[in-house]
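Novice: If you use this note's numbering, the sequence shown corresponds to residues 183 to 334, in order.
Quick caveat, the hints were computed from the structure, so don't treat them as lab data.
Check before you lean on any hint, since a few could be wrong.
[What the hints assert, rightly or not] List of simulated lysine-lysine pairs, PhoX-like, C-alpha gap at most 20 Å:
#1 Lys276 with Lys187
#2 Lys317 with Lys188
#3 Lys276 with Lys264
#4 Lys264 with Lys275
#5 Lys192 with Lys317
#6 Lys279 with Lys264
[What the hints assert, rightly or not] The calculated label-pair distances, taken between Cβ atoms and stated as ranges, are:
#7 Arg282 with Ser304: 25 to 31 Å
#8 Gln277 with Trp309: 23 to 29 Å
#9 Thr241 with Leu261: 39 to 45 Å
#10 Leu261 with Tyr186: 18 to 24 Å
#11 Arg242 with Pro184: 47 to 53 Å
#12 Pro199 with Lys275: 38 to 44 Å
#13 Ser248 with Arg193: 17 to 23 Å
#14 Asp227 with Arg299: 26 to 32 Å
#15 Ser293 with Ser244: 35 to 41 Å
#16 Ala238 with Arg282: 28 to 34 Å
#17 Ala300 with Thr222: 19 to 25 Å
#18 Gln323 with Ala238: 34 to 40 Å
Here a beta-carbon is modelled for each residue, glycine too, at the ideal position from N, C-alpha and C.
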Amino acid sequence: MPFYKKAYSKRTGVYYPQAIVQGEPVETETLAKDLAKISTVSNSDVQAVLGDIAGAMHTRMSMGKSVHIKGLGYFRYVLDTKGVENLDDFDFKKQVKAVRVQFTPERQLNSSGTYTRALVDSDTLEWIELSPETKDQDPAQDDDDSSETPLG
Numbered sequence: 183m184p185f186y187k188k189a190y191s192k193r194t195g196v197y198y199p200q201a202i203v204q205g206e207p208v209e210t211e212t213l214a215k216d217l218a219k220i221s222t223v224s225n226s227d228v229q230a231v232l233g234d235i236a237g238a239m240h241t242r243m244s245m246g247k248s249v250h251i252k253g254l255g256y257f258r259y260v261l262d263t264k265g266v267e268n269l270d271d272f273d274f275k276k277q278v279k280a281v282r283v284q285f286t287p288e289r290q291l292n293s294s295g296t297y298t299r300a301l302v303d304s305d306t307l308e309w310i311e312l313s314p315e316t317k318d319q320d321p322a323q324d325d326d327d328s329s330e331t332p333l334g
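Construct the complete structure from the given sequences, taking the supplied hints into account.
Specialist: Have a look at this one:
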């Protein structure tokens, strides 16, 4: 069950539900064991493939491609840039602040005409409210690459 807290945005003056990660991340080894249990592939074979997936994805994305992992979604490079007013001032290297990987979950059209994203089955998620003082424990949020709405 996922967790949330009520967070206040000084910028907009309203409260938002904010998803919160608790505990340590689930590591590759644990996912490999989970996948091995539900497949005919051994734990070590799963770990070997998962260990090489980042390099294979980088190779394809560096060729200007997006990477689609069926049932999961799409990965692509995006640029964090600053603009210039005049075309004569355009300088790619100076304007690119960071290269990031964007993930877009795969989506499936339901019989009701709405889409469901991979990894998100809203009908089975039971959200648990935490105290507003609860800190997000996701180590990925330490690198200023948050996908949450900024609340400050």
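Novice: State for each hint whether it applies.
Specialist: Hints versus structure:
Proximity of Lys276 to Lys187 is assessed by CA-CA distance (about 39 Å); at most 20 Å being required, the pair is judged violated. Under the criterion of a C-alpha separation no larger than 20 Å, the hint pairing Lys317 with Lys188 is consistent with the structure, at around 12 Å. Annotation: proposed proximity of Lys276 to Lys264 holds, straight-line Cα distance about 9 Å (limit 20 Å). Taken as a hint, the Lys264 and Lys275 pair is honoured in the structure, with Cα atoms around 11 Å apart against an allowance of 20 Å.
At roughly 18 Å between alpha-carbon atoms, Lys192 and Lys317 fall within 20 Å of each other, so this suggested pair holds. In summary, the hint linking Lys279 to Lys264 is supported, as the alpha carbons are separated by about 7 Å, within the 20 Å threshold. The hinted window of 25 to 31 Å between Arg282 and Ser304 holds, with their beta carbons roughly 27 Å apart. Under the hint 23 to 29 Å, the C-beta atoms of Gln277 and Trp309, about 40 Å apart, miss the expected range.
Distance hint for Thr241 and Leu261: a CB-CB separation of about 19 Å, inconsistent with the stated range 39 to 45 Å. Range check, Leu261 to Tyr186: about 31 Å between beta-carbon atoms, so the 18 to 24 Å window is missed. One distance hint, 47 to 53 Å for the beta-carbon pair Arg242 and Pro184, is violated here, with the actual separation near 31 Å. Take Pro199 and Lys275: their Cβ atoms lie about 40 Å apart, and the range 38 to 44 Å holds.
Separated by about 32 Å at the C-beta atoms, Ser248 and Arg193 break the suggested range of 17 to 23 Å. The beta-carbon spacing between Asp227 and Arg299, approximately 29 Å, falls within the hinted interval of 26 to 32 Å. Evaluation of the 35 to 41 Å hint for Ser293 and Ser244 yields a pass: the beta carbon distance comes to about 40 Å. As the Cβ distance of Ala238 to Arg282 is approximately 19 Å, the hint placing it in 28 to 34 Å is violated.
Our hint of 19 to 25 Å for Ala300 and Thr222 holds, since their Cβ atoms are close to 23 Å apart. Judged by the Cβ atoms, the range 34 to 40 Å given for Gln323 and Ala238 is violated: they are separated by roughly 26 Å.
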